Amino acid sequence: MRRRAAIFFAAMVPVCAAQAAPGGTLRLTAHAIGSTLDPHIAYLQLQLQVSATVYDGLMTYPKAAGPVTGGAIPDLADVRPVPQDGGLTYVFHLRDGVRFSNGKAVDVEDVAASFRRMFKVHGPTAGSYFGVLVGADACLKDAEHCALAGGVVADPAQHTVTFHLTRPDPDFLNQLGFAQAAIVPADTPAHDMGNEAPFGTGPYRYVRYSPNGGMTLERNPYFREWSHEAQPAAYPDRIEYRFGLDEEAEVSAVENGQYDWMGDGVPLDRLGEVGRRYTDRVTISDFPNIYYLALNVNEAPFNDVRVRQALNYAVNRHAMVIHEGGEALAQPACQMLPIGLAGFEPSCAYTVGAAPDHPAHAWKAPDLDRARALVRASGTAGQTVVIVAPAGATYLAIATELRSTLESLGYVASVRGINQAVQFTYIQNSANHVQAGLTGWIADYPAPAAFVQTLFSCASFHPRSDNSINMSGFCDPAIDALMDRAGTVSMTDMPAGLALWAQADRAIMEKAPAVPLTQIRRIDFVGPRVHNVVVSPVYQLLLSQLQVR
Amino acid sequence: MRSSSSLPPGPWAVAIRALARDRASLVSVGVLALMVLASLMAPLYARYVSRTDPFLSNVAGQVQIDGRAVDIMQPNDNPLHLGLSPIGPTGRGAYLLGADSQGRDVAARLLYGGRNSLLIASAAALLCVVMAGVVGIVAGFFGGVVDAVLSRIMDIMWAVPVYLFAISLSIVMVSQGLTIGPFTITSDNLLIPIVIIAIVYVPYAARPIRGRVMALRNSEFVLAARGLGVPSARILLRDILPNVTGTIVVLAPLLTALALLTESALSFLSIGVQAPAASWGTIIQDGEGLIYTRPLVAVAPGLAIVIVVLALNVLGDGLRDALDVRETSRRGH
Chain A
188 MRRRAAIFFA
198 AMVPVCAAQA
208 APGGTLRLTA
218 HAIGSTLDPH
228 IAYLQLQLQV
238 SATVYDGLMT
248 YPKAAGPVTG
258 GAIPDLADVR
268 PVPQDGGLTY
278 VFHLRDGVRF
288 SNGKAVDVED
298 VAASFRRMFK
308 VHGPTAGSYF
318 GVLVGADACL
328 KDAEHCALAG
338 GVVADPAQHT
348 VTFHLTRPDP
358 DFLNQLGFAQ
368 AAIVPADTPA
378 HDMGNEAPFG
388 TGPYRYVRYS
398 PNGGMTLERN
408 PYFREWSHEA
418 QPAAYPDRIE
428 YRFGLDEEAE
438 VSAVENGQYD
448 WMGDGVPLDR
458 LGEVGRRYTD
468 RVTISDFPNI
478 YYLALNVNEA
488 PFNDVRVRQA
498 LNYAVNRHAM
508 VIHEGGEALA
518 QPACQMLPIG
528 LAGFEPSCAY
538 TVGAAPDHPA
548 HAWKAPDLDR
558 ARALVRASGT
568 AGQTVVIVAP
578 AGATYLAIAT
588 ELRSTLESLG
598 YVASVRGINQ
608 AVQFTYIQNS
618 ANHVQAGLTG
628 WIADYPAPAA
638 FVQTLFSCAS
648 FHPRSDNSIN
658 MSGFCDPAID
668 ALMDRAGTVS
678 MTDMPAGLAL
688 WAQADRAIME
698 KAPAVPLTQI
708 RRIDFVGPRV
718 HNVVVSPVYQ
728 LLLSQLQVR
Chain B
54 MRSSSSLPPG
64 PWAVAIRALA
74 RDRASLVSVG
84 VLALMVLASL
94 MAPLYARYVS
104 RTDPFLSNVA
114 GQVQIDGRAV
124 DIMQPNDNPL
134 HLGLSPIGPT
144 GRGAYLLGAD
154 SQGRDVAARL
164 LYGGRNSLLI
174 ASAAALLCVV
184 MAGVVGIVAG
194 FFGGVVDAVL
204 SRIMDIMWAV
214 PVYLFAISLS
224 IVMVSQGLTI
234 GPFTITSDNL
244 LIPIVIIAIV
254 YVPYAARPIR
264 GRVMALRNSE
274 FVLAARGLGV
284 PSARILLRDI
294 LPNVTGTIVV
304 LAPLLTALAL
314 LTESALSFLS
324 IGVQAPAASW
334 GTIIQDGEGL
344 IYTRPLVAVA
354 PGLAIVIVVL
364 ALNVLGDGLR
374 DALDVRETSR
384 RGH
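Residue numbers (the numbering used here), protein chains in the order written: chain A, 188 to 736; chain B, 54 to 386.
Bound conformation, chain A alone:
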């Protein structure tokens, strides 16, 4: 399962610059978007992509191609605030003249109410990202009466909102740039709005949504561009998004010009055809992601570090790249920090000729001899291992490959495919005793903490909960302390902080709570009517920037 939000690199293949040509109706297709429209709750990639054209937060990430080098930028705030009181206080001054799509001007009370609402609707990131606010503990215990007293203070006279934190959080501004920190009117009902959308400030507003049929967006008549980088004015007058086709049909429809873009990835069997016949309609882009096999360190045989290391040695990552569509679309992953992310330092402990104490620069080949020796030493050969994978074709192909690897190490392995919508939470719950769960991770914001700390800190492991993103159940106090130090140091000395993050990444891989497999590239395939394809590493294809011929 993949969550969506942050990123960094840029579009690689053709990005057509063209004369601005506003107007027209953009026609999009996807199998399903499967999500509520409520921006404080929606967490699926396709919905977040649309949400980025409807809502704004105090901060955001540049809506442009190119790497995100400086973190989040101001959006509804007019400048990036400087942390005060040793990182415990942030004062945001709001832009003037920004209006919601119902015509109401955005004021500071809307901001304060939006943060309270995130807790009231049990937003999935309210606790993890904003639990650091003063008063957040009370909100987490009693969401209905959440006041964030002393945590978010609105000052209408100064047109400012002040955030008070219980402890310094080096990622606070980055987390404010995540789509779920959207600002909505203060009178928005404090419950999941479902198929109804709160008013937003972006260039579009929803006019119709049917989860099984589609959605329609039209221009927000009150939108005026205040920052081209934060929220650029849109080109199409209208967006028609239709659901129901499968990926094969989507490819055919985009090829034939019936749709302008497909939200789902191009299936592997159509890649050759698309790459051969529609070269000028394909955009390939990098983004920080990692696909990996989470090994449950609390379940046999992976409660033995030697078995975890053995599997890391044995996995043929070249085969994984093939399953993802080849080297143009994926590269082997050897560590949990993705290539290109700040803090990434090349280090491959598990390849032929390498070890955790003398890692190689990159993955070369599997080392089956060393893997088998480790398994022999562990005495676990012959045990059964079940890999729980999402029931998608690529995931199942990768899981089948991993099953073969486990069999070659002497285990009795099998694959259990589970509906993708369920698998992501299923493998998080320790009560399900999942031994190995195949998954992917796309961080909400581009920072090392969003990978290694989110996925492997003790605080991320919640036994017997569906919301325990530390799927390995890994908890090492020493590594936790190292990650905390990396975050703290990053606030004052970024290079030193990033070096500590790289050290934490290596320390985690030495314990091998997961098998990193691949880092993939995204492919966008557009129809013949559109141009000006701009792919942001955070928001992916910018729907508002497509121009319809």
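To be clear, the hints were calculated from the coordinates, so they are not data collected in a lab.
It should be emphasised that the depicted structure is a prediction, and the values quoted were computed from it without experimental measurement.
Fair warning: there could be bad hints in the mix.
Using C-beta positions, here's what the derived DEER-type ranges look like [said to hold, decoys possible]: (1) B:241 / A:431: 28 to 36 Å; (2) B:216 / A:218: 19 to 27 Å; (3) A:571 / B:216: 30 to 38 Å.
Reference listing, derived: stretches of chain B covered by chain A, where coverage requires no fewer than 3 residues with Cβ under 8 Å from a Cβ of chain A [unchecked claim]: (4) 131–144; (5) 269–276.
All C-beta atoms, glycine included, are put in the ideal place defined by N, C-alpha and C.
Guided by the hints, dock chain B onto chain A, whose structure is given.
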């Protein structure tokens, strides 16, 4: 008393002779024997001809062709280098029919798949005719309340579309396995599709058997036996059962064909034979994602299914014609 050499041939001998004169039936038997033999040879083929393990992924592997090492997954010919396709038919021992998306030898998997498909189909058909035979004979012979109860149960089962019934049973059994008293059958056990398929076709086989038994129950030789005070069990075993055997034998190949189709459908839907085991249905599923680039992966098992089902249907027709003679002969005694 006539000597044995001058006795008229028995009904089975007559039937076999009739079948032997039917060219279409003979060809069908030959085709079926060939398919079974080929499937039984799967391990030998994998070991000595293709020299691959058809159950292990091999996408990063290579195959020797004309002394050259060739990648099993071939880069697609496009300027963006997008995607790879499994190697196509080589015309040689290794990867004769090409590879699937896991880099496995399709020909070897086809033979292994045939073993499972044919085993499940024949075992399911056998189990089905046994169950249907019991139901049909008991219902037809005893009539009354027994017949009414059994017939209504069959009616209810018949009212549910067979594939919907099979899918429902499969989802439950494949996800949870099957526990009967002290015995537990795991979800990957072939007994599960065998039992499911046998159950769903019982009404289809029980009906004609019941009808035949009802007709026999009022026949002169049965009435004579009753009149002589012969016990019901003896009448069932000595008079009824031999006379419905023909009906059962004719049903067997037709049920086998139906079972084969059902097994393929269930396996295609991932609720029949479970990976890493193969059946023709799972291989078609493997080929679904390659239909644009390597259609043979799906077409080859599809053709195998068509050939076997056709042969079974022709054989069923031949048996029906041949065994009609036997039944006439029996009634003549």
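Here is how each hint holds up against the structure:
In this structure, residue 241 (chain B) and residue 431 (chain A) meet the distance hint of 28 to 36 Å, their C-beta atoms being roughly 34 Å apart. At about 24 Å, the beta-carbon gap between residue 216 (chain B) and residue 218 (chain A) stays in the expected band of 19 to 27 Å. The hinted window of 30 to 38 Å between residue 571 (chain A) and residue 216 (chain B) holds, with their beta carbons roughly 32 Å apart. Beta-carbon proximity to chain A at under 8 Å applies to 8 residues in the stretch 131–144 of chain B; the threshold of 3 is reached and the given coverage holds.
Coverage of a stretch by a chain is defined here by at least three residues with a beta carbon nearer than 8 Å to that chain's beta carbons; for the stretch 269–276 of chain B and chain A the count is 0, and the condition is violated.
In terms of the numbered hints stated before, the structure departs from hint 5 and from no other.
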